[in-house]
Amino acid sequence: MRLKSYRDFWAAMLFAVISLVFLWQSAGLAMGTAARMGPAYMPRMLCILMLIVAAVLFVRSFRVSDGEDETVGLNLRPMIIIPGAMFVFSLALYPLGLVIAVILSVVVASFSDKDSRPVEVALTAIFLAVFSVGVFAYGLGLNFPLWPGA
Amino acid sequence: MDLLNNLSIGFGVALQPYNLFVCFIGTIIGTLIGVLPGIGPLATMAMLLPITLYLPPESALIMLAGIYYGAQYGGSTTAILVNLPGESSSAVTCIDGYQMARNGRAGSALAIAALGSFFAGTVGTILIALFAPALAQVGLAFRAPDYFSLMVLGLIGAVVLAHGSVVKAIGMVFLGLLLGIVGTDVTSGATRFTFGNLELSDGIDFVVIAVGLFGLGEIIANLSDRSADRSHGVAKVSGLWPTMQEFKQAWPAVLRGTGIGAVLGLLPGGGALLSSFASYTVEKKMSKTPERFGRGAIEGVAGPESANNAGAQTSFIPMLTLGIPSNVIMAMMIGAMMMQGIVPGPQVMTERPTLAWGMICSMWVGNLMLVIINLPLIGVWIKLLSIPYRVLFPAIILFCCVGVFSVNNSTFDVMLAGAFGIVGYLFIRLGCEPAPLALGFVLGPLMEENLRRAMLLSRGDPMIFLQRPISAVLLGVSALLVLLMVMPAFRSNREDAFQE
Numbered sequence: 001m002r003l004k005s006y007r008d009f010w011a012a013m014l015f016a017v018i019s020l021v022f023l024w025q026s027a028g029l030a031m032g033t034a035a036r037m038g039p040a041y042m043p044r045m046l047c048i049l050m051l052i053v054a055a056v057l058f059v060r061s062f063r064v065s066d067g068e069d070e071t072v073g074l075n076l077r078p079m080i081i082i083p084g085a086m087f088v089f090s091l092a093l094y095p096l097g098l099v100i101a102v103i104l105s106v107v108v109a110s111f112s113d114k115d116s117r118p119v120e121v122a123l124t125a126i127f128l129a130v131f132s133v134g135v136f137a138y139g140l141g142l143n144f145p146l147w148p149g150a
Numbered sequence: 151m152d153l154l155n156n157l158s159i160g161f162g163v164a165l166q167p168y169n170l171f172v173c174f175i176g177t178i179i180g181t182l183i184g185v186l187p188g189i190g191p192l193a194t195m196a197m198l199l200p201i202t203l204y205l206p207p208e209s210a211l212i213m214l215a216g217i218y219y220g221a222q223y224g225g226s227t228t229a230i231l232v233n234l235p236g237e238s239s240s241a242v243t244c245i246d247g248y249q250m251a252r253n254g255r256a257g258s259a260l261a262i263a264a265l266g267s268f269f270a271g272t273v274g275t276i277l278i279a280l281f282a283p284a285l286a287q288v289g290l291a292f293r294a295p296d297y298f299s300l301m302v303l304g305l306i307g308a309v310v311l312a313h314g315s316v317v318k319a320i321g322m323v324f325l326g327l328l329l330g331i332v333g334t335d336v337t338s339g340a341t342r343f344t345f346g347n348l349e350l351s352d353g354i355d356f357v358v359i360a361v362g363l364f365g366l367g368e369i370i371a372n373l374s375d376r377s378a379d380r381s382h383g384v385a386k387v388s389g390l391w392p393t394m395q396e397f398k399q400a401w402p403a404v405l406r407g408t409g410i411g412a413v414l415g416l417l418p419g420g421g422a423l424l425s426s427f428a429s430y431t432v433e434k435k436m437s438k439t440p441e442r443f444g445r446g447a448i449e450g451v452a453g454p455e456s457a458n459n460a461g462a463q464t465s466f467i468p469m470l471t472l473g474i475p476s477n478v479i480m481a482m483m484i485g486a487m488m489m490q491g492i493v494p495g496p497q498v499m500t501e502r503p504t505l506a507w508g509m510i511c512s513m514w515v516g517n518l519m520l521v522i523i524n525l526p527l528i529g530v531w532i533k534l535l536s537i538p539y540r541v542l543f544p545a546i547i548l549f550c551c552v553g554v555f556s557v558n559n560s561t562f563d564v565m566l567a568g569a570f571g572i573v574g575y576l577f578i579r580l581g582c583e584p585a586p587l588a589l590g591f592v593l594g595p596l597m598e599e600n601l602r603r604a605m606l607l608s609r610g611d612p613m614i615f616l617q618r619p620i621s622a623v624l625l626g627v628s629a630l631l632v633l634l635m636v637m638p639a640f641r642s643n644r645e646d647a648f649q650e
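Chains A and B, in that order, give the protein sequences. Letter by letter, the first sequence follows residues 1 to 150 in the working numbering. Letter by letter, the second sequence follows residues 151 to 650 in the working numbering.
Chain B extracted, bound-state conformation:
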């Protein structure tokens, strides 16, 4: 039985005492940083990524998975207790989570979020084990034009799902691609856009972009916006266990959320954010008492939290089978793999099964770790949240400095991250979402490479993208997405969805 075989390889790796330990540490510090207001899972991972460089590849990715779970859970904690989402995907949790906290049900909101996530993660893991090997076979048939078209689809997906203006999101994608190209051109050896700076000849590091745009930009925005002062206080947590009635209300939402997330996570550009928004909308529409939503409905926490976890888990499938990150979190995972000297792609599944399956299973273990360890530690996280922001932010900035520095032992990188902080703040003020930029940044060099190869194959004839069936289908889907985007009906729907 392939499925059991694969899972047993995976758990064999993930359950080794050392890897369990690493996962444990990752979950704890991930939560520690993720709980800090204004720091989302992405910034947390970027800051902590350098720590994992000192570990063997399997353990490094396992730790990163732990950090991701910890950070995401930390973000939900902040969302529920102080109504400050660290990142857009936990913005949905704020709506009903904070209201539950005000009704004195913070403990059960947190418990349901963790348990729902755990259930969704379990389903996601099984789905990957079932389908990933088959899809990896499809992945082996991919040639340069197909890869290029797939990346086009991914980027269009990111544009459709970005918050706010579509035109700006498209601009951000182009800018990301352009920044990704900075450095030495692999084919010709020419250095590009380094402004004569030697430190840039290896290109800009992903950590620099991520910390600058997502971490620092957010801190500057927080400090500028005094009206969003953290003075509304931390909600009290009394009793962690949901009542029987809450369980009854929550579990159908968890099931639906898991289903929605599992499907949407597969889409390029999909993953956590879209899943949680979609799930919230579905719960509200399905509910017999929609008026409770926004006033502390437990379904409004259970559904989205499960959905974003299922989405996060199944978005591993395109990454593992094709080596293409479908969202920014996966881009981070790929960044970590490349730093470890592993080239992502369909061959990882067959050549490094312990790595691929170990990572999949470790996502599940990280999730379990969260339920076992983090829930009892909730008191500690609350203490952390009651520290005033003016004391916290110098520490956050220091973590950013140290994190960026230790990737290449380069002080130049730290300054560059600082500069991207200014850019990130400008983007926030101008209503430009940074996520499409980050995805473009990772895909930039890959896209150029595959475009070049494809055009070389066809001797300069762009029709090759339509002649190859895989590529043609992918481009067809992309065209459909673009069409949907311009259609007025969908447009207003999309706006509604983000309004929620």
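Bound-form chain A, shown alone:
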């Protein structure tokens, strides 16, 4: 047997794993009856339906080609760095304040792009920091700590 569609195969895996995790997490919840459904009733039904979808995709991935490139081909660099920039922003915001959080996240984000230029990144970071303080904090009155310890 040879895989004919990597996309279908991995989509099947993804759906299967998610539904199993949710099934496992619903273990402690009451099922109830059809007339009085407990908190686990609908989620378990959905998990089972999702497992069926996963099974169909799994079988199909060996039979039907989707006419796309061989592998799924993930580009890990932006895939990790972009969410990473958001993590940095959220971790930095409360201890360090908006200004530093913006600068840090812009610098981190810039690593996701091979062509980024240091001077440009620095200018973008400074501009965005000033912009955020002016527009988000003062203009829209959003509730941000601006500086460390604030």
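Check the hints yourself; a few may be wrong.
Said to hold, decoys possible - Straight line, CA to CA, 20 angstroms or less: simulated EDC-like cross-link-like pairs of lysine to aspartate or glutamate:
| hint | chain 1 | residue 1 | chain 2 | residue 2 |
| --- | --- | --- | --- | --- |
| 1 | B | Lys533 | A | Glu120 |
| 2 | B | Lys438 | B | Glu396 |
| 3 | B | Lys435 | B | Glu396 |
| 4 | B | Lys434 | B | Glu396 |
| 5 | A | Lys114 | B | Asp375 |
| 6 | B | Lys398 | B | Glu441 |
To be verified - Beyond 12 angstroms from chain A on every Cβ pair, some chain B residues (computed):
| hint | residue |
| --- | --- |
| 7 | Asn155 |
| 8 | Ala279 |
| 9 | Gln287 |
| 10 | Val288 |
| 11 | Pro440 |
| 12 | Ile532 |
| 13 | Leu616 |
| 14 | Pro619 |
As the list claims (entries may be wrong) - Stretches of chain B that chain A covers, calculated by requiring three or more beta carbons in the stretch to come under 8 angstroms of a beta carbon on chain A:
| hint | stretch |
| --- | --- |
| 15 | 332 to 342 |
| 16 | 542 to 554 |
| 17 | 561 to 568 |
| 18 | 573 to 582 |
If you're looking for bench data, these hints aren't it; they were derived computationally from the structure. Quick caveat: nothing in here was measured; it's all calculated off a predicted structure. Note that beta-carbon positions come from the ideal geometry of N, C-alpha and C, so glycine has one too.
Since the structure of chain A is already known, use the hints to place chain B on it.
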């Protein structure tokens, strides 16, 4: 006269100076964000939704309508000038719009898109005013089983219309429903799927899902795909006014597009995307010179742009009369209403007429605003498009962070959105369309609630869904859709339609 009365209530609200101002601001920033490559109307609305929380309900929804129009128009601008659709509904505009731009007719493509949209929006508004009150009466007869069946129909609609694989779209719907259920169960008080995390006990916020899946996923995909570098340059715009001949070619397409959009927008799962695809196909089939399509035929811009606007407008009808979002944009509107403490449903029409009609009319005003303000500003948007992507994307990410954060002042939400960004990118690579997931996400809790009530009423007998006439008809239509989907003839048609 009910019609005039309703419209005058609506315009009374929408034309208040403050609301006009809010609509104006919404349109401008909506366009500003929507023009950015790879950011569609949905991601734009998700990012800007938090800003509207500080306004009174009427103004908030009016601003959101402005943002939607701005974003959609911004998306068309990007589609026409640089051949980069922000979202699938403007993918159709790319085909002939970009070719027109290369022929030096970018200005007239943009003008026709705006004018066609405006005309379609006007017709849509009148249709809502005519039919919504009557349908709201029907809505009052809906009970739990009927609501459940209606949502089934909506989700099946979303599956039929999703891009690509039907099986994957079904999986995405289930996943969306499941994610929608995360949090505290209203009936039993049990917390579900929070993984012991307190921040999740209120459930996942819609903005988190929308920004993560539609915004970040798209940015990551853009950054990974270096071949889609934005180096093909921005087309020049010279002269905004279409020639007499272009007008002559465009107006029948606008009329047909409006008709198609108005009807398709009513369908659950319908709205902008389906309408624009359908209209393009019709224009190509009707044309005496189909060979011009794909080489800059103005009908190929005028038809779909009008259709998606008419569809967007009439998809308000199911939302206002039944409280059920028929597509993701409406889901966003409902999200905004709920954040304002308004429960969507047929009662909104009767209890809050200023809100309901104000919103309908503001869609029209937002559209008008676009024609008056955005067309002259086209130069500014072009400047924005010539900024390289490597400078733009950190700003987009920052907007995402700030937008998500300000919904609940929660840094956890920002991280969660980041995580959904990874998931969104995986989905793009795996060929799974995120729109069905988003719709399922909004409907998840509602569906569970209504299923529970229905089964309680019938003491656990599922036959109740077939015994109630409304529910039975809705399920019948759903079954028909499923049948159509498996029929080979329709299947190949559907594939053709998406191939275009």
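Coverage of the stretch 561 to 568 of chain B by chain A (three or more Cβ within 8 angstroms): holds (count 6)
Was B/Gln287 rightly flagged as not at the interface, with every chain A Cβ beyond 12 angstroms? For B/Gln287, whose nearest Cβ neighbour in chain A is about 31 angstroms away, the distance exceeds 12 angstroms, so it holds.
Under 8 angstroms between beta-carbons, do enough residues of the stretch 573 to 582 of chain B, three at least, approach chain A for the coverage claim to hold? Holds, because 6 residues of the stretch 573 to 582 of chain B bring their Cβ atoms closer than 8 angstroms to Cβ atoms of chain A.
Outcome, coverage of the stretch 542 to 554 of chain B by chain A - at least 3 residues whose beta-carbon is closer than 8 angstroms to one in that chain: holds (count 8)
Can you confirm whether the C-alpha distance between B/Lys434 and B/Glu396 stays at or below 20 angstroms? holds (16 angstroms)
Minimum C-beta separation from B/Ile532 to chain A exceeding 12 angstroms: can you confirm that? The claim stands: B/Ile532 keeps its Cβ more than 12 angstroms from every Cβ of chain A (closest is about 20 angstroms).
Beyond 12 angstroms from every chain A Cβ - status for B/Pro619: Holds, since 22 angstroms exceeds 12 angstroms.
Distance restraint between B/Lys533 and A/Glu120, which requires alpha-carbon spacing of 20 angstroms or less: The hint holds at about 18 angstroms.
Pairwise hint evaluation, B/Asp375 against A/Lys114, where the allowed Cα distance is 20 angstroms at most: holds (12 angstroms)
Check, residue by residue, whether the stretch 332 to 342 of chain B contains three or more positions whose beta-carbon lies closer than 8 angstroms to a beta-carbon of chain A, and give the verdict. holds (count 5)
Is the Cβ of B/Val288 more than 12 angstroms away from each Cβ in chain A? holds (27 angstroms)
Could you grab the alpha-carbon distance between B/Lys398 and B/Glu441 and see if it respects the 20 angstroms cut-off? At roughly 18 angstroms apart (the allowed maximum being 20 angstroms), B/Glu441 and B/Lys398 satisfy the hint.
Against the hints set out earlier in the document, no violation occurs for any number.
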